[in-house]
Amino acid sequence: MNQGKIWRVVNPTVGVPIFLGSVVIASLVVHSAVLLNTNWLGSFLNGGQKAAAAAEKPAAAVAPDTIVSQAPTPQK
0 MNQGKIWRVV NPTVGVPIFL GSVVIASLVV HSAVLLNTNW LGSFLNGGQK
50 AAAAAEKPAA AVAPDTIVSQ APTPQK
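For the sequence shown, the tail end lands on 75 under numbering that gives the first Met the number 0, and the numbers increase by one without skipping.
Simulated from the structure, these hints should not be mistaken for laboratory data.
Glycine residues also receive a C-beta, built at the ideal position from the N, C-alpha and C atoms.
Do not rely on the hints blindly, as some may be mistaken.
Said to hold, decoys possible - Derived CB-CB ranges, DEER-like:
(1) Phe-43 with Trp-6: 20 to 30 Å
(2) Ala-32 with Asn-10: 47 to 57 Å
(3) Asn-45 with Val-9: 19 to 29 Å
(4) Pro-71 with Asn-38: 49 to 59 Å
(5) Thr-12 with Gly-46: 36 to 46 Å
(6) Val-9 with Ser-42: 39 to 49 Å
(7) Asn-36 with Pro-71: 55 to 65 Å
(8) Ile-17 with Leu-44: 41 to 51 Å
(9) Ser-31 with Asp-64: 26 to 36 Å
Make the full structure from the sequences, and use the hints.
Below, the structure is given as structure tokens:
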């Protein structure tokens, strides 16, 4: 541990609770920011209505419209 000498300056009974408290505060700030700035997280956490099953019956596979060019045939 390269920071082991910090406990010569700060007593562990003071430093550990301060460190853990700062981790808790940081995580609460991040979680509240995500909760306030997204519109889906609140519904997810509250067990909101599930998304409609859009794939109840599989849709027919449709090939994209593409233009296929052919090489010109040689003329005699």
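Each hint, compared with the structure:
One distance hint, 20 to 30 Å for the beta-carbon pair Phe-43 and Trp-6, is violated here, with the actual separation near 42 Å. At roughly 33 Å, the beta carbons of Ala-32 and Asn-10 sit outside the given window of 47 to 57 Å. One distance hint, 19 to 29 Å for the beta-carbon pair Asn-45 and Val-9, is violated here, with the actual separation near 41 Å. In this structure the supplied range 49 to 59 Å holds for Pro-71 paired with Asn-38, their Cβ-Cβ distance being about 55 Å.
A C-beta distance of roughly 41 Å is found between Thr-12 and Gly-46, which places it inside the suggested range of 36 to 46 Å. Between Val-9 and Ser-42 the C-beta distance comes to about 43 Å, which sits within the given range of 39 to 49 Å. For Asn-36 paired with Pro-71, a C-beta distance near 58 Å keeps the hint of 55 to 65 Å intact. Separation of Ile-17 from Leu-44 is about 29 Å and departs from the stated range, judged on CB atoms against 41 to 51 Å.
Ser-31 and Asp-64 have their C-beta atoms about 47 Å apart, which leaves the hinted 26 to 36 Å range violated.
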